[in-house]
Every structure is written in C-alpha cells, then in structure tokens.
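If you're matching them up, the sequences are chains A and B in order.
Numbering-wise, full-length UniProt numbering puts 304 at position 304 of the first sequence, and it's gapless, one number per residue.
Numbering-wise, full-length UniProt numbering puts 223 at position 223 of the second sequence, and it's gapless, one number per residue.
Keep in mind that the hints were calculated from the coordinates and are not lab data.
Because the structure is a prediction, the values reported are computed rather than measured.
Keep in mind that the hints are not guaranteed to be accurate.
[What the hints assert, rightly or not] Derived list of chain A stretches under chain B, where covered just means 3 residues or more per stretch with a C-beta under 8 Å from a C-beta of chain B:
{"hint": "1", "region": "78-92"}
{"hint": "2", "region": "111-117"}
{"hint": "3", "region": "125-138"}
Note that CB positions come from ideal geometry on N, CA and C, so glycine has one too.
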Amino acid sequence: MMSGDEVPGRMPGELDMQAPAAIALSGISKSFGAVQANRDIDLLVEEGTIHGIVGENGAGKSTLMSILYGFYEADSGDIFVRGEKRKITSPDDAIKAGIGMVHQHFMLVDNFTVLENVILGAEGGTLLKAGVSRARAELKRLEREYELQVDPDAVVGDLPVGLQQRVEILKALFRGADTLILDEPTGVLTPSEADHLFRILRQLKSQGKTVILITHKLREIMAITDNVSIMRRGEIVATLETAETTPEQLAELMVGRHVLLRVEKGEAAPGAPLLTVTNLSVVDGNGVARVSDVSFEVRAGEIVGIAGVSGNGQSELLEALSGIRPATSGEIRLADGEDLARRADPAMRRRSKLAHVPEDRHRMGLVMGFEENENAILGYHRDKAYGRGVFLDRSAIEAEAREKMQQYDIRPPDPRLKTANFSGGNQQKIVLAREMERDPDVLLVGQPTRGVDIGAIEFIHHQLVAMRDAGKAILLVSVELDEIRALSDRILVMFSGKIVGERGPQASEGELGLMMAGVTPEEGEGESAEEAQAEGEMGRASAAEPKA
Amino acid sequence: MDLTTIVLILDSSVRLATPLLLACLAGLYSERSGIFDIGLEGKMLAGAFFAAAAAYWTGSAWLGLLAAIAASIVLALVHGFASITQRGNQIVSGVAINFLAAGMTALLGQAWFSQGGRTPQLGADARFGAITLPGAEALRDVPVVGEIYYELISGHNLIVYVAFLMVPLTWWVLFRTRFGLRLRAVGQNPAAVDTAGVSVPFLRYRAVVICGILTGIAGAYLAIAQSAGFIVNMSAGKGYIALAALIFAKWRPWPAMGACFLFGFLDAVSIRLQGANVPVIGEVPVQFMQALPYILTVILLAGFIGRAVPPKAGGIPYVKER
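Produce the entire structure from the sequences given, and follow the hints as far as they go.
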C-alpha cells in the first residue's frame, strides 16, 4: 500500500527546511453531522506543480478544497501557505492568501458582462469607473500571457461553457491567485476545449503558478499532473508521482479493490430494428429548434451511443422518445410499427415496453423525499402486482424492492430508507433496477453513470451489456465520451440538434471530439486502424480548434 | 379637455404616484438583493401611523418623518431576520408583517388617541407643506410653460421631490457603484458573491434597511404630507400596487417611475371622472372608476409587459451548498 511518505518532499513538520510548499495541510478533519467528510488529512502541494486529487464521489475531495478556499471551516487541523500558517475562515481569507478556485458549478452572474463578473468583490473603490478600466487593462495582459481570450463586454450567460470557465480562471488570476484550485473542470467541456484548458494550465505552471486539479478522470491525471493524491472515504490513501503510476493502480487505490477499467463485451449480434426514428424534429416552448431532422434506428441486441456536448439536443431527443415531450414533426416507431411521435404519453410508452432512465435522476428519475420502495415502483405504480383499486399493497411493494436491492447491490439494503439518504451511485441503481427489471424491449438511458462511483460504474456498464446480449435495443446518451466508446456498438454524434455522423466504436477520441464541436471530418476514414490506437494522451487532434 | 384640466390631472397624478414610487423603489432595493418583500404595504402603514403620532406629540413634521423611518426599519429588520438569518419563507414573513402592521396601528391608535384608530388632526407645522419653486410666481401668467411650471412642477411638498430625485439616485447607485454591482449580483447568484469574498447576509441586510427607509418615507407622505393625520388602513393596497409596478418595470428604476406615474395617472383620472357623464354610457358608477386602476393593473401585468424575469435568486434563502 502506498502512503504519504513516498512523496518526494517533506511532511508538514519539516516545512522550514527547504523551499516551503505552496500549500500544506496538516491534520485536517471535518464532519457534517454524523458523516466524517475529511479525516486527519495531510497534504503537500509543491510550488509550481500541477497536483491532482482523485477519488470517488463522496471521498471528500470537494470538501477538502472548500476548506482550503474558506467555504467551510475545518473542525481541526492547520493550513500552511508557503510555509506560513494561515487561518482561512472565509473565501476572502483564501483570496488574500493567494488561493483562487474554479468551482465545478461556475460562480458567475449570468446577466453580468465578463468584466463585471471579474471585478465583483475586487472593484477597487466605491465607484466602479476606475476599477473597470483597470480591470480592462489587466484582462488584456492575462489574455496575452495565458491564452485566456474572452471578450470583456460579452454577457456571461451568452458564452459557451468553455469560455465561462475561462472567466472563472480570469477572476482568480485578477485577484492575484498564486495557487489555483480547479474542481472537476472538464466535465462540461468538449475534448478540444479541455485541451485548451490544459494548455492554459501548463502555461500557468510555467509562470510559476501552482495548480490543484480535482477530477475523477484518471486519464486527465495521467496527462497533465506532476503529483497525484488519492482520496478514499475522507482520507488521503496515497500521494504519488504521476510518472511512476498507472491508471490501473490509481483506480485500485480509489476503490480499494481491483477494478476493470475496460468494459468486457463480445461482438454485437444485432437483430430487427426495435426503435425507428425518422426525420424527427423537436421545437421547444420558446420556439427554438432543439432536435432537427434526426433519423436512426436501434436494433435488437445492440447499444447505440449518442455522443455530444451537453445541450446539443440530446435531452430533448430523449424526452421526445420517452413520451415526455411531443415531437414537432417526424416519426417514432417501436417494433409494432405504430407512429408515436405526436402521442406524448410516457405511461403508454412504458406499456409498449419502452423504458427510460432519465438523465437527471434528481429532477426526473426519483422523488428524493420518498422511501426507496416508493421510488422503486414510480411510473409502474398502477401495476396489479402493487395493489388493488386505489390502495397500495405495501408489503408486496417492499418485498419486491428488497429483492431488487439485493440484485443490484443497493446499499444500505433498506427499502424504507428515504431516497435522499442514498449515495449518488445507489440512487442511480434504484432507477436502473426499476427500469431494467421490467424487461423492456427498448431501453433509453441518459447519463447512466453521472455522479456515480467507479465501482458502481463497473456494475452499471456490466448490466447494460448483459441487457444488450439478451437481445434488447439500447439507446445510450452520455456526455462522457469514454463511456460512449466503451459501451456502444455504433456511435452517433449530435451537434446543434442534428446527427452529424455515425462512427464505429473504434473511432478515435480526437475524431469524435471534432464532430462534437461541429467540425465534420471526411466521411469513411473513421474506422482506420491508426486512429484506433490514438489512446492515452488527451485528444491531440485539436489542431483545428473551433472558434472561441 | 383644455390644458388646465390636463395639467390638473397630471398634477394630481404626481401626488398620487409619489407614495407608489417610494414603495416601488424600496421594493427594488430589496428584491434586487434577492429578498422578496410583499410587506411593503405593512411597512408603509406602520410608517404612516408613527409619523402621525410623533408629529402630533412633537408638533414637528421632521420628527414625524424620523419616527416613520424608524418604525419601518424595525419591521424591515424583522423581515430580514426571518428571511436572511433564519432563512424562512419570505412571502410568509411579508404577509405576517402586513397583518402585524394593520392590527398594531389600529390598536395603538385607539389606545393612544381614542378616535377609532385615527390620530388627531395635525396642524400646518406638523406637516410637510407645499414648496413654491423659485420663479414660479413670476412665471405664473406665461401661457403654457408658466402654467405647467407653476401647477405641475412647483407647489409640491418636499417628499414628492425626494421621491422623484430617488429615481436617478437609485439608477446611479445600482449601476455605477460597488454596492450596486454587488446588490445586483447577490440577487442573481449569491454563491458568486460569497465565493468572491463578500458577505451575502450583510449585503442583503443593507438592502432591506434601505427598503425600510424608503417605505418609511412613503408612509410619512401618506400621513403627514398628503393628509393631516392617520386613518385606519390608509395605505389601502398601495404597497401591492407598488409591487405590481415593480414587476411592470422589470426591476429597473426609470421604468419604475414610468409605471408608478401611470398608476398614479389612472387613479387621478378615476377621481376626475367620478360622477362625470360619459357619452353613450351615461354616468359612470363610482365603484367602477375606483376599480379601474386595479383592473388595468391586472390587464397590464397579464399581457402587456412581455416576460418579466425577476432576480434569479429572489425568494430563495441562501444556504451554502454541501
């Protein structure tokens, strides 16, 4: 087992001996009620390095960084910044200590301009005028130095997420941050945007800044960090030099047991089409076309993946297919051949053996205040097995819920527990168990592993492949390109409401990334052998960076 | 209709719009900071009562005004405590304040003055009187311009001028100062303000106190400027109309002035038309004319303003996310 003392460097006690670390945490603990989020954490971040922190959801990464940024106060422990002990009890203290943070959910005011967002809290005087012109000059300088191009007068809400993230970085640098914390920064980015972000981070490092990168994507850790700390259940279980570790080792340290990073599956044996979509278009309530003229089919025994950056019409497509939203034009046919496009009736779709795992379990998949067993029958609650007339048969419902919980290893196995008290991965398994155990012919799955631990991801992927092998048609929508590539037998790429191309599972990340950004490469070269081996490093094929 | 009639109606519109405008701007500060305030009505009513009581006892309009502001700030802080510190429901807190003010003013009025909840009639010193602007007398006889200046611009009491000056001042504070930037930000995304190292509660408390000051002035206007004493429930729904005007103005100061003036104008017209003979219809029932501003409010709000998007974080208590 690796441990902290393999770090090249020193433990906090000997800080004064050599050049002090940019950040040193010593004995940090934090509890929320009965939950111990951080337990006696020691961490050293060397100045001028990129330091990765990996761990599963709920391992305590974000809590630890929130403590460093003064958002929460630690119950015990000390923070040293460049060897100097600091008391950080508010973001203001952190900013003064030269720490900046880019949060996972951006802390931006949508209807403000870039400039207004940057100066907020650092206006430099009672009146805005002087601060604004100073900020404008400063932004110019930062833009030159770090490839942080962004129009200072643009309204932030109109900018794509990649640029919004740059605004967040600018905010931190404008406040004079020497150490920049990024919390899951690539979750919302296209591969080429992520590439640009990493160039920026390398640039920051070359200028002597320190970067702390929180992520659950092992590939990013391997590609960009110098050192990596692994967290599990609130503790740092190891800190390693990135060059001397492997993704497999990291995964094992994160989960505490051996994990298969690859999905093992055989060749697909597709049969007859079970879901046929023809020229489907969806216009939303504001008159904006979300899905334009989309046609495809999903056959029995195959997984069709839809890749795309979030917000390119995938959600609306899923909603139209599952009957939550009427299609504006086009046709949706199941095996029986009847066109359902205009009949927005989710209950009817369920009866026609089409099941739907919604993208957002909190908003659509579950009622968080319900007991687990109530969520386990949601949408199927009229089924005869669950009661008579207007009455529910609680014991039958609970017995079935208990059985499913065992089958899907949902923990804790208590059907009476409130759904909100389950972890993200277990909540997702509640939804999956409900939809998959109904033995549907067609399964629509949106973001099956969003916010789910590696261990649970392995399980969920395995279940999906098993359903495919049982001859079901599966449509998988995910913003995780790795997941799409690992599971799909065919990959459709959506951009701006249209399907811009179809590729096989061997398509390279770079190629798919370009398509996701709306750049369609030449048809037909998608499955060449040379691209199949373009693994490992982040999508290098981003020479044709989409316009900013 | 001749010029004199028009000028008189407009003049009366200004007087009727003043309390709406003050309350509307009060609501603007509070709601821009993310604290919905349905309690404008109650704060105005409490302000009116304490203005009249203090002015009666001391004989000073200025002390009356101070008492109004103090009373209104106290209620504003109650609302602030409930919705900022205790993170309670802002609508419930606002409604409670309205009930509290309505009951308390009637009760104290009866206990202190024994005139059925009224305060005694105030003398001239205990009220804000009309101010004649320089040159108004001299210009009085100049056609059109003189008439407009003398009747419409000049001759109002101090609070009317304060209310209208608050409009550019509010605009300036909101869009040209650090406080304004932070105020607008905290109503949209308090987490952004928090992570920028600025205290969300302190900002919101300041906004709520400003709201209290302005509703206090509005209340004082009702009791010791427009009238000569307090009458039970004298705010008569003006706090709600001010809220409607605020939505109508989409939380912006200049349109707020426009909206309040429009509501004031409708009120003025309805008073003017009472008992008047309208062709075809004949004599218009008083009740209909009195209802007219409210009917138009509903119509305007329902269909004629487009989408009014309130400050995004409005009404939602700020809790640091876990």
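These are the hints, each one checked on the structure:
{"no.": "1", "hint": "78-92", "in the structure": "holds (count 3)"}
{"no.": "2", "hint": "111-117", "in the structure": "holds (count 4)"}
{"no.": "3", "hint": "125-138", "in the structure": "holds (count 6)"}
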